[in-house]
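Engineer: Fit chain to chain and form the complex, with the hints in mind.
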Amino acid sequence: DAKTTQPPSMDCAEGRAANLPCNHSTISGNEYVYWYRQIHSQGPQYIIHGLKNNETNEMASLIITEDRKSSTLILPHATLRDTAVYYCIVRSGTYKYIFGTGTRLKVLA
Amino acid sequence: GAVVSQHPSWVICKSGTSVKIECRSLDFQATTMFWYRQFPKQSLMLMATSNEGSKATYEQGVEKDKFLINHASLTLSTLTVTSAHPEDSSFYICSADGSRNADTQYFGPGTRLTVL
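Sequences listed follow chains A and B, in order.
In this note's numbering, each residue carries its 1-based index in the first sequence increased by 134.
Mapping of the second sequence onto this note's numbering: position 97 corresponds to residue 81, and the numbering continues sequentially without gaps.
Chain B on its own, in the form it takes in the complex (with noise of 0.2 angstroms):
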């Protein structure tokens, strides 16, 4: 129990591009989703809170019209890189509240992005 997945697991686009990323729980509701990035050898680093229904909370110093974080349902967050460059290559990775280990957050495999 408690499956998180990512879709796609890796994509490569051209600069000025978009990307879509899902993130969905499987196996459970999520009100609150999270969305991080890790770049290589590096910690991961939170970069918004996505709540069901509502407008997504970013962290200080991240763009919120750069990254759009769509929480839809209870199952399905999505961020979207617009116009990406390649300082924006990255491991994203998603993770969801859990319901029956109640806050805790459970990962997706990640999305690695590749901006040429």
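In isolation and in its complexed conformation, chain A is listed as follows (with noise of 0.2 angstroms):
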């Protein structure tokens, strides 16, 4: 199962864009990227996923990298709200998620 790494903390000041790296570079050719983000005391919440192409949606945009190694999630307009932490994962062949230990984001006032 490819591994991901993502930093622990991030800061981002409300209103602004919020940019979440994560790095898994042993991700295989068939392998998705998910991100879902956790708010305390809360089951985690899916936001997107993709393969190879850039995905937007109402929350969110993913863009990954052409080789496919690394990742960003971008929130385009933090709000307090956001505050919680993000977990990218690479879904194996066998549909377990592998979770990491997650960029924890702050967003301030």
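No lab work stands behind these hints: they were computed from the structure.
Note that the Cβ used here is the ideal one computed from N, Cα and C, for glycine as well.
Be careful, since some hints might not be right.
Claimed, not checked - Away from chain B, derived, C-beta distances all over 12 angstroms, residues of chain A:
#, residue
1, A151
2, D216
3, R225
4, G234
5, V241
Stated by the list, open to error - Quick list of simulated restraints, FRET-style, between CB atoms:
#, chain 1, residue 1, chain 2, residue 2, range
6, B, Q26, A, N153, 20 to 30 angstroms
7, A, M193, B, R96, 24 to 34 angstroms
8, A, P155, B, T15, 26 to 36 angstroms
9, A, A151, B, F23, 38 to 48 angstroms
10, B, G0, A, H211, 45 to 55 angstroms
11, B, L10, A, S175, 30 to 40 angstroms
To be verified - A short list of chain B residues far from chain A (calculated; beta carbon distances all over 12 angstroms):
#, residue
12, T1
13, V3
14, A56
15, C78
Structural biologist: Right under this line is the structure:
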């Protein structure tokens, strides 16, 4: 199973874009990159996922590098409610998710 | 869509008793559900994969006789913590493989278990 590496914490000013990086250098060709976030004492919330192409939905954008070894989750206009732990996960062929330590994002007023 | 519920949301029990936690997919059918546990300030750790109509697959180091999993229908999986001890106190979270967004897991809100 491909491992992911994320910075342990980041701060972002409210209203600004939050760019959360993730390294997954051992990813295989058919493995998807998923992003979730977990607000304190709740279950993880699905944000977005992708394989090769950049993806955008109502919550965020996902930029995957051409070699697929890293990706960036972009929250275009961060709000205080976006304060959470963000997890980048590579889904293996067995469909299991192996969670890393995630990035604790703090949005500052 | 793709809502997963858990019941109870929290439970306190005495040491030596058994506790059952239910995980339901409310608006979709899930052939596969997953059970995780999470200790304070730590990440989620996968415990087992639950497939409807068959035996669960446990991760290494997880005692299958202690954590009994039953996935009797396409919308319900249960986790029973048998003979609970204080070290079993944790946040238990289930997820279900979505239908509309294939292979995306949707998570329940979690169950906080405290064993006295």
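Engineer: It remains to establish, for every hint, whether it holds in the given structure.
Structural biologist: Hints, verified against the model:
1. A151: holds (25 angstroms)
2. D216: Holds, since 18 angstroms exceeds 12 angstroms.
3. R225: violated (7 angstroms)
4. G234: violated (6 angstroms)
5. V241: holds (20 angstroms)
6. Q26/B x N153/A: 20 to 30 angstroms: holds (25 angstroms)
7. M193/A x R96/B: 24 to 34 angstroms: Check passed, 26 angstroms falls within 24 to 34 angstroms.
8. P155/A x T15/B: 26 to 36 angstroms: Since P155/A and T15/B have Cβ atoms about 34 angstroms apart, the given range 26 to 36 angstroms holds.
9. A151/A x F23/B: 38 to 48 angstroms: violated (32 angstroms)
10. G0/B x H211/A: 45 to 55 angstroms: With a Cβ separation near 51 angstroms, G0/B and H211/A satisfy 45 to 55 angstroms, so the hint holds.
11. L10/B x S175/A: 30 to 40 angstroms: Given range 30 to 40 angstroms: violated, Cβ gap about 21 angstroms.
12. T1: holds (24 angstroms)
13. V3: Non-interface label stands for V3/B: nearest chain A Cβ at 18 angstroms, farther than 12 angstroms.
14. A56: The assertion about A56/B holds, with a minimum of 21 angstroms to chain A.
15. C78: violated (8 angstroms)
Going down the numbered hints, you'll see the structure goes against 3, 4, 9, 11, 15, while the others check out.
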